[in-house]
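**Student:** Below are the chains, spelled out letter by letter.
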Amino acid sequence: MRRLALIASLILFVGLNAMFAQTTTITGAVTDSESGEPMPGVSVVVRGTTIGTVTNVDGNYSLSVPNDATNLLFSFVGMTTQDIVIAGNTTINVALVSEAIGVDEVVVMGYTTARKSEVTGSSVQVGGETLANMPVASVDQALQGRVAGVSISQASGTPGSAQNVRIRGRSSITAGNEPLYVINGVPMVSGDASATTSGSSMSVLASLNSSDIETITVLKDASATAAYGARGANGVIVITTKSGKSGKANINFSANYGFSNDAIDGPSVLKGVEAEELYYDAIYNTYQGNYGVPTDRSLVQDWYLTEGYNVFGDTYKNWVDDGRKEGNWEDVITNDNAPMQEYNLSASGGSDKMTYYTSVGYFNQEATVIGSEFERISGSLNLSAELTDKLTFSTNNSASHSYQDGLLETSAYFSSPRAVKYFMPSVDQPYLEDGSINIQNTSLPNPLWIAQEDIDDSKLTRIISTNSLRWATPVKGLSLSTKLSIDYQVYNYKRYRNPIRGDGDGTNGYGWQANRNRANYVFQNVANYVMQLDGGHDFDFNLIQEYQKNRLYYLEADADNFSDVGLTNLNSAGNPTTANSWFTDWSVASYLGMVHYSYQGKYIVDATYRREGSSRFAPDNRWGNFWALGGAWNLHHESFMSNLSSVVSSLKLRGSYGVTGNAEIALNQFEPLLNFDSDYAGEGASYPGVFGNEDLSWETSYSLDLGIDFGLFNNKVTGALGYYRRETKDMLLGVPLSLTTGHTDQDINVGRMENKGFEMELNVDIIRSSDFNLSIGGNLGTNDNEVLELAKDLNGEEINITSTIDRVETGHPVYGWYMPTWAGVDPDTGDETWFIDPTVDETTTTNFNEAEQVWQGGSAIPKITAGMNLHVDFKGVFLDATGYYAGGHKVYEGWHRYTNGTDLFSVSWYQGIDVLMDRWQQPGDEARFGKIEYTARPWQRHSKFLYDGDYFRLRDMTIGYDFNSRVTDAIGIGALRVYVRGTNLYTWVKDENLKYDPEVDTDGETGMATPPIKSFIFGVNLKF
Amino acid sequence: MRVLNILNRIAVVAVFMFAINACTTDDLDPSLEQNKRIDGGITSVDNVYAIIKGGYSRMTSSGYYGRDYIINNEVRSDNCFSNGNSGRFTTQASFKYNENTGFFWDDAYRVIANANLVIEQDIPSLEGDEAYGYHLQGQAYAMRALAHFDLVKQFGQQHVGGTLGVPYVMKYKDEENLTPARNTVTECMNFIFDDLDQAYNLMSAGGSPEFLSKMAAKAIESNVAVYFEEWDRAIAAAQMVIDSDDYSVIPAADYVKHWGSDGSANSIFELAFSSTDNAGIDGLAYIYRTTGGGSYGDVQVLDVVEDIYDAGDVRAGILGWEGDMLRNIGKFPNNQGYDNVIVVRYEEVIMNLAEALVETGGDAATALNMIINERGIAAYVNPVTKDDILLERQREFIFEGHRYEDLVRMGKDIEKISIQQNFSETIPYGDPIMAWAIPKAETDANSNMVQNDGY
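So the protein lines, in turn, are chains G and D. Position in the first sequence (first residue = 1) + 45 = my numbering. Position in the second sequence (first residue = 1) + 23 = my numbering.
Check before you lean on any hint, since a few could be wrong.
[Stated by the list, open to error] A few chain G residues facing chain D, derived, Cβ under 10 Å: (1) Asn101; (2) Val102; (3) Lys398; (4) Phe628; (5) Leu784.
No wet-lab data here; the hints were simulated from the structure. Idealized CB from N, CA, C, for every residue including glycine.
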């Protein structure tokens, strides 16, 4: 099959070369209608094709146009696109009018493009200026706050780590919820490339250089995502890289240099003297009158320091004798003002037959925690050549090498510097008297030593090459194209643990290395037919066939007992302990038909049908049908609106309904399988690994999308208002099995879930003039999630999924918070109390096991997300600001047993957070924390540690200056911009008890990961 | 007409393009390079051997004999406590576990799934040695009995005033009964005895102690019989093991030393661990000792345990000090967890015999002294009491995961005898906490499951 597809591609590349048709060359000049000055960089395209060029510095263009071409489109950012009938003319001059009259940008939808006025669904494009000069490791970071309904959470601020993106909430319970990424029209693999789950994640997207990206389009509704069939249910993010425009070479150089720190300091920990005070509390509260402990609280300290240490241990006694030296571990693990730098050099241009874009980039960012950084070197070359006037060859190539010096995170690993901040007692000392690192005498491994000796390196080399050939057939309006894309990723992971202190000291050193090669091929064949019938009936047909195959090969080995300190490769390990390799693949085949119909630009209908087969299901259930219908009505083109045209510049009603799917589950789950990755007594062994379900098939989502797009007062006010409802059916649910089966769950198509909400966007140009502009805008999205149906067991009882803090049950949001409700600290006894069942009465208990889990309202997913932006420019000085708000959700403080324990966890074994000082000491005390006791409490997860998650963040603020042409001309350059950019400069958090950064992983729990950063970046942009 | 013509030509090109490229369902067959289908994938006795080994491997998981099963029987007793060094086992040691505190329920039923897969195979239809095939099935019966026995001891209601045991699962993927209800304790006991009889009958003699054997089935039977106070059965089963002459009591001089080597003369069944296959940081050694601060070391020995040994008792050599912490130094001595874990050893069978003889009025002292004579302390004389047995079991099997079960089955309270113990007051015999909670994940998925009282 693959061979056949390749042959088909070659036939189109070579065999069809011979057939060309006649062309005419059209020339002309484009000017600004206001100033009359020539306009360089204006795009000139033959309507219905991709044949086009760009005006040169003098505003002139020359374009070979097929004889059957009817119209030329002239477009430029900020100007209204002009659609000019050729009518046999060979010279066409155009004066472009500024967007005051209406902007109709081209929206890239993945397989196709559409003018914004003719988009029937809810797709938002972020492009050009917004993405420019945004030094981020991973381009999805740039989307936060830009698009209504898109919620992005950062599980870790370690540069290069994977982000969690949710478009219109969570569509699936146990299958994937990440959107599909499409790069230059090709579906790609995204997510985490890392081989380790105990260390930093590494986003596949971090291999892309954001400055090579022209636009990012977020496809939210079925009319747009149905084209991606079984992978469209979670939304689609379409990324298009930059291409050249014919004319003089455009050389661009940018440099950024900046510093970052944690966006939020996080909770402060107990000082040694505070922990000492609480320690005496613990002794007194638990043992007063026993074991010699005084009955008078004020005498406990003296008693402990003189004799009590013989009973209770001498840790604090020794510390006091040493002069109560405070170890400040937060200082130790923080990389203050962590530098970041980025340099990009690009050139684009071309002749009328060939255009190019080429770039090189370097990005480097240190983490705000010691011992971690990210580095990327990237290059790209995009070429488009008109081989003949009928045949266009395009190629987009990018290559990058990313290196991430990661760290242990995702859990409270004792060797993780983030965990050390919250777990290492302040009585432990980072340094010895002589100033050297205190290696041995700390309760957790000293992060200074770990950062110096241990290794957690990820390296990802990625090459993407997408090549297409387009043939404008002799049939008028019909073009055929074929595309072949290869995405090859080589990933290496190296872990080393030193034998002196830390995770390798028990085995005299430990090493683990993993290698993962991924090859992802996509073949695409497209037949496009554009037909215009008399009377303004425009049709655009697309027939697409696609085959995608993903191969993944993994190889790892680990070993211990290293022969020498400082030699970190497995070569030097005496005892190999693991050798492992595996190979998996998956494939997707699809046929897609799309029809776009427009009647005089007034009435637009989109119809999409995709038939898709996936290797993840049993042969009988492999194929699924996905479809969508969309319609739009541009009211402003109607005659009855003409007397309102001074007020209403554009008004569009749109609606769509369709079916998309989701197949993001583990591979081969449909088959009952024996696994063989086990061994016993030195021989291989096997066990039943997959329960299997031969009926397994697609999870489907039914989406309704309704909206109004409007522009008022010459489009000074533009906006959109929309409603969506998406019902997921036949969910790919990992239904919990009775553990007596020897399995934990089975994937079954069962259950329904709903997501609905409103979305709004509004942009207002308050002042619009040639040297002073002021605009503000915002977007808002709501999300209301409810589980409608779940699997039932043989007795008809619903099978729920419950953890100690959340639950999946019909009638509630998915993974809604569900835990015992805290009833405060009893002022008389100092005991923590909980409601036995607050849905019944107010009875409380001090026995945690008696307290029922109850719904706490809400989940980890924000009900409201909003973005705000401001732009001001005045005579070359400009200011841009973006803010992001998320709210209506709750966040759970994940490690409170250790860090907020009113017991030995906080005062003796580990470290506590200083909020513990607000504890009960004597009858009558009103305190947030109960009495400190000399005991160790089990995990008791309850509502005291569940906080409102609402926050606002000033995501981005840039102040800059564009030097005017007198200066730039004098020094002989095209343009010069300098700016300073601040990210996350300000954060507001609603709940005062939420001390951690409010941006947490999608599970809603605060963790021990690197928090998001606050940074200042200085940049300069040069154009030649 | 013109439109039609155009459509015609499009159709021709499209058909050409798609025909050459068409993908069929077969093109979407995924690779299956690491797995085999369960149905149709088991064709030889060697395949069955791999699955029984998979069962043993599952027994070595840290949730089961790899650590938790043993440790939870030590920290809930007067042997050990959790010092919280890494925060592990404090909940269990303070008797504050609940339905969300994981224990080996899932691990044991995974073992049972492997055993059932082996038992279900039609041996004559497989390639390979038929007798060996039946020998493997015999192992599977013993494995199934042992796992259910362990489950009943921890989750059954026999000591908290109830009658429910655990579901006795006898078929892998039983579509008729995927959400089984609990069998009674008595039913479980009978099934266990039946399975052990089957095991004994199907197996051939001999075999490595790293695998279950005829004698291992009998040794386990003596354990089960003592637990359920079936004294005659206990005597008969124990006597068969002793009469086999396959095993011997570890001599006094080797008592400490033999823990450092696998397959000792007293080992009837032990689970294999090695330098390439061990529970690592989730293993026994890592939790019993800190080895200079590098490991978890939560499970510390109560200081008072030093006093349970009389002068000259070689078994006190297991104990040692790490600074001011009393530790299990001698059992599972390899700090990287490479030591095999003994599940049942000869001394336990003798102890079973002695206890049954105490109960039935036989010559318990002679039986008990088979061990005591090799321990450096004075021999017992009749009458031997039940408390003598309990004490000798503590001395002999300390840190091997028997103490909590011994105390409970003999109807004892878990006494607060030291400030170091994590619980603050004595847990009286019969307290609901003596039966572990059925996991929440089980009760969520299985509406036939009845939770134990108190959770």
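**Student:** It remains to establish, for every hint, whether it holds in the given structure.
**Tutor:** Hints versus structure:
Because the beta carbon of Asn101(G) sits about 37 Å from the nearest beta carbon in chain D, more than 10 Å, this interface hint is broken. Because the beta carbon of Val102(G) sits about 41 Å from the nearest beta carbon in chain D, more than 10 Å, this interface hint is broken. For the restraint placing Lys398(G) at the interface with chain D, the shortest Cβ-Cβ distance is roughly 26 Å, beyond the 10 Å limit, so the hint is violated. This hint holds: Phe628(G) has a C-beta 5 Å from the nearest C-beta of chain D, less than the 10 Å allowed.
With a cut of 10 Å, the hint placing Leu784(G) at the interface with chain D holds, because the nearest CB-to-CB distance is about 5 Å.
Going through the hint list in order, the structure does not satisfy hints 1, 2, 3.
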